[in-house]
Amino acid sequence: MSLFSHRAHTSVKPSSSLSAASSNWQREADKALITKPRRAAIPPWLINLGSLILMGLLVLLSLSIGVADFSWSGIFHSLLNHSANSDSSLLLVSRIPRTLAIILTGVAMAVAGMIIQVVLKNRFVEPSMVGATQSAALGLLVVSLLFPASALIIKMGVATFSAVIGMMVFMALIHRIPPTDFLMIPLIGIVFGGIIEAVTTFIAYQTETLQMLSVWQFGDFSGVLAGRYELLWLTGGLCVLAYIIADKLTIVGLGDNIALNLGISKRQVTWLGVGMVAMMSAVVVVTVGMIPFIGLVVPNIVSRLMGDKLRRSLPAVALLGASAVLLCDIIGRSIHYPFEVPVATVFGVVGTVLFLWLLLRAPAEQ
Amino acid sequence: MFSSSTPSAAQKSDTDKGHGASTTWQKHLAQFWAFIVDHPKSVASIILVIAMTLFLTLNVNGYWDFALPLRGKKLLALMVVGYAIGVSTLLFQTLTHNPILTPSLLGFDSLYVLLQSVLVFFLGAISFTIIDPIAKFMLEIFLMFGASMLLFQLLFSKTSQDLTRLILVGVIFGVLFRSLSALIARLINPDDFVVVQSASYAQFNTVNPQLLGISVIICVITGLFVWRWRYQCDVLMLGKAQATNLGINYQRLAFGLLTVIAVLVATATALVGPVTFFGLLVCALTNRLARNMYHSERLILVSLVAMICLVLGQTIFEQILGMAGVLSVVIELAGGLVFLLLIFMTKHR
Numbered sequence: 001m002s003l004f005s006h007r008a009h010t011s012v013k014p015s016s017s018l019s020a021a022s023s024n025w026q027r028e029a030d031k032a033l034i035t036k037p038r039r040a041a042i043p044p045w046l047i048n049l050g051s052l053i054l055m056g057l058l059v060l061l062s063l064s065i066g067v068a069d070f071s072w073s074g075i076f077h078s079l080l081n082h083s084a085n086s087d088s089s090l091l092l093v094s095r096i097p098r099t100l101a102i103i104l105t106g107v108a109m110a111v112a113g114m115i116i117q118v119v120l121k122n123r124f125v126e127p128s129m130v131g132a133t134q135s136a137a138l139g140l141l142v143v144s145l146l147f148p149a150s151a152l153i154i155k156m157g158v159a160t161f162s163a164v165i166g167m168m169v170f171m172a173l174i175h176r177i178p179p180t181d182f183l184m185i186p187l188i189g190i191v192f193g194g195i196i197e198a199v200t201t202f203i204a205y206q207t208e209t210l211q212m213l214s215v216w217q218f219g220d221f222s223g224v225l226a227g228r229y230e231l232l233w234l235t236g237g238l239c240v241l242a243y244i245i246a247d248k249l250t251i252v253g254l255g256d257n258i259a260l261n262l263g264i265s266k267r268q269v270t271w272l273g274v275g276m277v278a279m280m281s282a283v284v285v286v287t288v289g290m291i292p293f294i295g296l297v298v299p300n301i302v303s304r305l306m307g308d309k310l311r312r313s314l315p316a317v318a319l320l321g322a323s324a325v326l327l328c329d330i331i332g333r334s335i336h337y338p339f340e341v342p343v344a345t346v347f348g349v350v351g352t353v354l355f356l357w358l359l360l361r362a363p364a365e366q
Numbered sequence: 001m002f003s004s005s006t007p008s009a010a011q012k013s014d015t016d017k018g019h020g021a022s023t024t025w026q027k028h029l030a031q032f033w034a035f036i037v038d039h040p041k042s043v044a045s046i047i048l049v050i051a052m053t054l055f056l057t058l059n060v061n062g063y064w065d066f067a068l069p070l071r072g073k074k075l076l077a078l079m080v081v082g083y084a085i086g087v088s089t090l091l092f093q094t095l096t097h098n099p100i101l102t103p104s105l106l107g108f109d110s111l112y113v114l115l116q117s118v119l120v121f122f123l124g125a126i127s128f129t130i131i132d133p134i135a136k137f138m139l140e141i142f143l144m145f146g147a148s149m150l151l152f153q154l155l156f157s158k159t160s161q162d163l164t165r166l167i168l169v170g171v172i173f174g175v176l177f178r179s180l181s182a183l184i185a186r187l188i189n190p191d192d193f194v195v196v197q198s199a200s201y202a203q204f205n206t207v208n209p210q211l212l213g214i215s216v217i218i219c220v221i222t223g224l225f226v227w228r229w230r231y232q233c234d235v236l237m238l239g240k241a242q243a244t245n246l247g248i249n250y251q252r253l254a255f256g257l258l259t260v261i262a263v264l265v266a267t268a269t270a271l272v273g274p275v276t277f278f279g280l281l282v283c284a285l286t287n288r289l290a291r292n293m294y295h296s297e298r299l300i301l302v303s304l305v306a307m308i309c310l311v312l313g314q315t316i317f318e319q320i321l322g323m324a325g326v327l328s329v330v331i332e333l334a335g336g337l338v339f340l341l342l343i344f345m346t347k348h349r
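Which chain is which? The protein sequence lines are A and B, in order.
All letters in the first sequence, in the order written, are residues 1 to 366 by UniProt numbering.
All letters in the second sequence, in the order written, are residues 1 to 349 by UniProt numbering.
Hints were generated in silico from the structure; no laboratory data involved.
Mixed in with the good hints there might be a few duds.
[Said to hold, decoys possible] Not close to chain B: a few residues of chain A, all C-beta gaps over 10 angstroms, as computed:
1. Phe124
2. Ile153
3. Gln206
4. Gly255
5. Trp271
[Stated by the list, open to error] Interface residues of chain A toward chain B, partial, derived using beta-carbon atoms under 7 angstroms:
6. Leu183
7. Met184
8. Leu187
9. Val191
10. Ile195
11. Thr201
12. Val341
13. Thr345
14. Leu356
15. Leu359
[Claimed, not checked] Over the 10 angstroms line for every Cβ pair with chain A, so calculated as not near, a few chain B residues:
16. Leu119
17. Gly146
18. Val169
19. Gly313
Here a beta-carbon is modelled for each residue, glycine too, at the ideal position from N, C-alpha and C.
Only chain A is shown next, with the shape it has when bound in the complex (with noise of 0.2 angstroms):
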């Protein structure tokens, strides 16, 4: 919370420090350009500089957390014999793809989680509340029952093709509520969301796969081993390519007009920032299962530190979405030693405490 404080002796209105609305995105970035000097109370390097060891601490602790036996010393033993001993295959095979694991969830989340409030022009918005992981799971249930044999990158496929169709219908049925309106689109959809999820529910519950469903739909790293997360290298990949275009995403993110007028396209931008968004939500889903709230909440705290300009507040928003889901892991593996709480029931409840924070803030409609 102390990372926040700095806001309390600006005398900026708070009705401006949340930009909901397009309007209000247009109005905040007309402002970062007048008021630059009020940004300069923490440069963003020193918050990323700050949130890199506040992750390396919490890496340092994900590594030494666990059920196994182990020491950082055996580690040291093995380095200095050159020989393996079980410390270090523990590290090797268990814990270290573990680590992996939870900041390329976090990162990919968060990153996800910032191009769709920024295509959407709505801050209340994530891959969960937008259709993209609800009818990524159900597009691998589906494929998981025609086609059990199938391999692992046909089955992705599936699912982020099943993803980006999710969210193409869910365009299509908020493309008339006014963009005023910023609260009722996340609101249809948590209900389309739980609407695709019912339908998943319904052909598992037939075919009795619930028991597997319930892995994608549950977010829990406790599976996960050396051999069994690679693919999530793949949303690695993708945040570069987020980086890569983070300055057309922010033009399309401050209105059509000026899209047109620098020379956007916005529609290529959009079906790009969509389709990264499905692969990210199909990835994850795949290999960890669903985490919600993430991409919500870590988005909307750096974009109040650093502005939206993504160039500048990408890299800081996939450090706090890997750290947040570190702390929630570390949380999770410690709260009930030596039993393991999935990170998704953590996340739940530190993910909607910080969301109705920031639901009970926001401006009012005008």
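Given chain A, put chain B in place with the hints provided.
Relative to the frame of chain A, chain B by itself:
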């Protein structure tokens, strides 16, 4: 009860529509249709009786002494749940002056599940299961009432002017309660986990028979109160200021209604578990079928419609299609679609 056809209404529609009908059977059909539209309560009662008969008798195969008491209990439970969800939602919509709100949409029944988990957490599953069910239920209802009062205060003092935000905050509260229950469920030992887990999913095919007696008593008592308040509720529909001007003690009525809603939500959730959209579905159906907005009509109709949905739905899924556990999923699906429809309809009016 079913033959209470007022001849005047039938004759009136006869003279209205008989003009266009050329043959006698068309005339009869029009007459029949007019009768159905004019008497939604009677028609609903007939359908309900048919559904009940089907539910009790379909596929019994001779073991009547065994099947009838078992199915009778289940039937009674389904009807109690239908009544509780339908009436509580209707009253909630009257209280909040809004046709797209339901207590469960704002997280009231996830709140009940959370209370349940908290009780298991503090008491342990063993003392939780050997404690007298009636005493336990009373305690739960008491806690539920207090907690829903707090939730109601919180939701309606801060966000009442902004409906979208109210619903969104309520939905997120529901998610929070569910996540907290899940977290508690993970923190307790596996035996206790089963107790909590069974409470957090709606199950229409396995209802809790222990609570049936007390649930029926609760339904009768709340029914009497609500029936006494039916005209006051009609006045309340005009709005808080109007109702106060017309001599309604708003504070007292609102308190009473909220008490009834909390008790009914607790009853329904205790019997079958949380359902999000069922209340919305039956209230939307009722508002469509009812001839007027008087509570004397709609309260009865909503109970009948909810009971029909549950009893007929359960009969179809369990006996005809052979899929026992699907009803809650189908209801959620249909209810979600109705919710989206209502939102888009109010948007484009």
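Structure-based check of each hint:
no., hint, result
1, Phe124, "violated (8 angstroms)"
2, Ile153, "holds (31 angstroms)"
3, Gln206, "violated (7 angstroms)"
4, Gly255, "holds (22 angstroms)"
5, Trp271, "holds (24 angstroms)"
6, Leu183, "holds (4 angstroms)"
7, Met184, "holds (5 angstroms)"
8, Leu187, "holds (5 angstroms)"
9, Val191, "holds (5 angstroms)"
10, Ile195, "holds (4 angstroms)"
11, Thr201, "holds (5 angstroms)"
12, Val341, "holds (4 angstroms)"
13, Thr345, "holds (5 angstroms)"
14, Leu356, "holds (6 angstroms)"
15, Leu359, "holds (6 angstroms)"
16, Leu119, "holds (19 angstroms)"
17, Gly146, "holds (20 angstroms)"
18, Val169, "violated (6 angstroms)"
19, Gly313, "holds (14 angstroms)"
Of the numbered hints given earlier, the model fails hints 1, 3, 18; all others are met.
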